[in-house]
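First to last, the sequence lines map onto chains A and B.
The end of the first sequence is residue 2126 by the numbering used here, with every number in the run present.
The end of the second sequence is residue 64 by the numbering used here, with every number in the run present.
The hints are simulated quantities; they were obtained by calculation from the structure and are not laboratory data.
Some hints here could point you the wrong way.
To give an idea of the chain B side of the interface with chain A (calculated C-beta under 7 Å), a few residues [said to hold, decoys possible]:
hint	residue
1	D34
2	V36
3	T37
4	L43
Remember, predicted model here, so these are calculated numbers, not experimental data.
Here a beta-carbon is modelled for each residue, glycine too, at the ideal position from N, C-alpha and C.
Spelled out, the chains give:
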Amino acid sequence: MGSPVLNDSILNFSFLDQTNTRQRYLVSGSDSLFQFFVEGVRCTKCLWKIEGGLKDLLGVRSARLNMSNSILTVDLDTTASLEQIALTLVALGFRPHPIRQEGQSPDLQTQANRQMLIRIGLSGFCTGNIMLLSFSLYSGATDSPFRSFFEWASAVIFLPVLTYAAWPFYTSLYRALKSKRPSIDLPIVAALWVGTGLSFHHFWSKAGDVYFDSLSMLVFLLLSSRYFLTRLHQRFLAPSLLKPFLDIQQAHKVTEQEIKDIPIDLVQVGDIIEVRSDEKLPVDGILISPRAHINAAILTGEHRPQKVSQNETVYAGTLLIDGPIRIKVTSTGGLTRLGRLLGELENELLSRTPMIQFTDKVAQVFTFVVLCIGVAFFIGYSFIDSSAAAHRALALAILACPCALAFATPLTQSLALMRAARRGYFIKNADALERLRKVRQIFFDKTGTLTEGELFIRHWLPQVPDENTLALIKSLETISSHPVAKAIRREIAATQLPELEKHVEITGQGVQANYQGDFYELKATTLRDDIENEITTAVGFYKNGQLQYSLVLGDKLKADSKDTISKLKAMNYSCGLISGDNSPSVNAVAKELNLNSDLVFAEASPEHKRDLLHKYKDSLMIGDGVNDSVAMASSLVSIAVHGSMESSLKAADIYLADPGIHAIPELIEISTETFYVIKRNLGFSLAYNLIGGGLALLGYIHPIIAAIMMPLSSATVVLSALIGTTKLRALSPVHQQQIAKPERPVEVTV
Amino acid sequence: MSLLVLLVPMAILLAAIFLAGYIWAVSQGHFDDLVTPAHRMLSLENEHEEIQVNNMRKDEHHV
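Okay, chain A solo, but in the shape it has when bound (with noise of 0.2 Å):
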């Protein structure tokens, strides 16, 4: 039980206790209410940890917890300390994050949840009631004089649940008729309406029945399916991804006089901000120091330090090697480049897939044929039997439900996409994971996907280069971040760097640049056949177009590789190889992992790599998102395995925010579970209509049975896509490893 690691700058919770900004974490509303979102709460006894360690701290009137958001909230007077409670609760073995009440939403959705709870609990207290006064009617009294009493209180009691309770289902069904779309809705409000007119009516004839038990229930049930599942919505689909990563409470803002820490939200551009060693950049912004070495893997991909010069742009997210440094500010939260990026993959999570869209269609045509069948059965048996008529049909609009298309399919989606982004996959939209089923190939990359990626110089031909053509070697390759230039850049010792001209990368081929009058590249070359069957990779230096010298680089197979491609074959996928490496190098590796021998292809052009995936329409492509990036469009699917999120995601589908290819066979099974799970859900969503439908109309359905059951099947198809499968279940959410963040506190066991 030793103490905490913990770095200095996430320990400073000093800035919540000036005046000003206290005010600012206040929840609104309230005089002494502040709020901390708490990671690591994970049972019971962290709730006692939590609850019991702070409520004897000085001015502590109050510390709840919420589970089920994690969010703590603390009721103080004037004398607590904001940081003593946040330093708390870091030395149980958590980490807070004050938060502060942006703007209105998390209240809006309060009030709005509390709303329907009353709608719910009205529409609940009005069933009970009807349903006592229906009784005695059951019960005989329908022959006595008191029938018109009961009727009439009846009537009185449903008054609140047609008009009030049901307000919602009036609102959303307005919006849908503008937008003239049909909407699992209409139905429901037709059997509302529809049910009361002819209540009413044999209200006032003195004969048949009265149906305000049934409406009333059926109005209880529905509201309270709806409030579940929008409950469920708010807690699976509100965590926001950009959180972990902009995880910085405050910055060091610089002013003439002093240096002053403030939160992170209060910077603003144009703001001098100090920034120090091992600490994360809170903001994008301009560099005004000389200079600084900063590591930019979560946007580039390249763990080495960059070095960035003064005036150049630095990122909100890397980490500063080497501080203090001052930047003036540029742009701060969701608009700095990893907050767009975030942003936009949380947009494209949660839009609509062609599934979706599908799905959504198939419930708008079901909800209309629905109702045409109920209104032509009703015209139709009224002339046989007009009272049973009516029974029957409006049994059967309050018993269809296309709920399986309308909510449950959505949800399933959803609660994949979430189950993979905690565990470090992060998948541009739910099409994707759609896709993910059809395929039948798999083709890898070879260098950093399959091997470490990790190249050392093995030998030089036809002999070392002098001096000066290393360096002019090394320079040429400072511009690329692909394994043979780190390997190069790391390998050669030379530091005198001429500069040179016209010098780009050809991404997925080499570099090239003029210097003194030449031309010069680095690129791909085929090997004599001479070496040994080792995994290799290698390049050659051309001056003019003439080769000069060729560089073998060595690697090594990464250590899951082998396992992760018997997987697979053993799922039944073909797996092969795309490179554009020489052929003995993509041989060997080839063999060593017992590929498909007509699915390896080596001294792929960029081109040549776009016509194999288009001439294998069904094939999944992984490799490194930024090399790889043409090969990865043409596919069917494309995972990126490593490089940085924000190039990889442009090209590839999914992004594995841990390398190697382990994560691809449950990739692969939640998509597979997840479609289970989703025809588990239409059928018994066909079966359930079809059946009920039936016997509806057969009349063996009773209004009231009815409207018990139609929320029940909502409520079944909601839970089967919760419980999902036992494969699903059993893939528990692991907090993804973020580049360069500080290390977390170690849990104190008590």
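Once you have looked at the hints, place chain B on chain A.
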């Protein structure tokens, strides 16, 4: 039986008072979090003391 004309509205009135109580509770936020109270109930006095004591000991170690 005609007493029912008086009894039914009276019963509804009584029930309505409870409904009003429910509406009040909802607007005061008592139903916002239904998960945590179940866990909170399980904590025992002793456990709390244990945690307190351990916290204090930890504080002694920290500077």
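Could you tell me which of the hints above the structure violates, numbers in ascending order?
Violated: none.
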